Amino acid sequence: MFFLSPIFAIHSTSDNIQDNLFFQNWPSTKAQSICYNVFFYNLPCLIGLHFCYLDHVPLLNRMFYAITFPPSLQKYGTFEYCVLLGISIPVLGIVAFQVYCLIYLKKILVYGVLLLSSILLISLTAYFLRKSYLFHLHHYFIFGFLLIFIPVQNVISSSIQAMLAGMFIEGISTWGMDPMFYRIRNPHAQNGLNSISPLVFSFFLSSFIYLFIYFLIK
Amino acid sequence: MIKPYKLLFNAILFLLINTLVLYGASFIPSIPISWEFYDNHLEFSKLVFWISLLFFGFMYGAAIHERKNLLLSRRGSYKVIFLLISQFDSFL
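Top line first, the protein sequences correspond to chains A and B. FYI, this note's numbering numbers position 58 of the first sequence as 58, with every residue one higher than the one before it. Counting from 1 along the second sequence, just add 1000 to a position and that's the residue number in this note's numbering.
Rather than coming from a laboratory, the hints here were simulated on the basis of the structure. Keep in mind that a hint or two might mislead.
A short, non-exhaustive set of chain A residues, derived as facing chain B with CB atoms under 8 Å [to be verified]:
1. P6
2. Q32
3. I34
4. P44
5. C45
6. L54
7. D55
8. I103
9. L211
10. I213
These figures come from a predicted structure and were not determined experimentally. Quick reminder that beta carbons are idealized off the backbone N, C-alpha and C, glycines included.
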């Protein structure tokens, strides 16, 4: 899915132009296709690669590092709430537009089930292994995961997907692909479920979840 | 952090290389493919562009932080190669 999503979003002359919401007659030539990919994929990806520079904005640094650890939303003033609202509204708009695109392309069921089951899988693994493993969502994982759910070709979706790809690449190239579960020393959690590796646990759990979904659909 | 002129140089190089890759990859023929999920042509040009974007992106990311290139360290390269290979199941 990780490779399929960019293949849907990147343009080529033999694409099904009916899938494009905005430009159903454009681009059609090879040169136009290359221009589309440069301006709506390559350039946004380059912008996304500078994600770490947001750390240098003092307000954002204070707001989002404070949320991560320890949670301190209650320390926010009116200005911080306004900034949070100003960020949330465009993000919600993009999410709504993306859902509309998936409904338009009749892919909402597949991607909806994939998204919900993945969130369920990660949440349950983090919950059941909480005594022996510390769970941390790295930003490379968040953006790489979200990238899968934008398999749409139009100006907005391609650009957003490319920006997410840039942030994903930046996360890996800065800190590497660190694990999401860190082993913690807890003498009370050496037996039973907590002694299982997160990889093994999530593998079995995903088998149960996908078998359940399969029988539900059947 | 990297100096601004180096950043600009790297950014121009990144854009230029990927545009050249796009141009070169556009000559690769596509394979007609039809299955339930992807009813279209399997475009190798897109795949080449995407892998090039990942590859040069990792290099660019490492360069802007002035860190050792991820792809040149053995542990990092194993992880990136594993990531790339593990995702090919989407075509199977």
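Results of checking the hints against the structure:
1. P6: Hint on A/P6: holds, closest Cβ of chain B at ~4 Å, below 8 Å.
2. Q32: 11 Å, violated
3. I34: Result: holds, 5 Å to nearest chain B Cβ.
4. P44: With a minimum Cβ separation of about 11 Å from chain B (threshold 8 Å), the hint on A/P44 is violated.
5. C45: With a minimum Cβ separation of about 6 Å from chain B (threshold 8 Å), the hint on A/C45 holds.
6. L54: With a closest approach of 13 Å, the A/L54 hint is violated.
7. D55: At about 10 Å, which exceeds the 8 Å cut-off, the nearest Cβ of chain B leaves the hint on A/D55 violated.
8. I103: Status violated, d = 17 Å.
9. L211: 18 Å, violated
10. I213: 16 Å, violated
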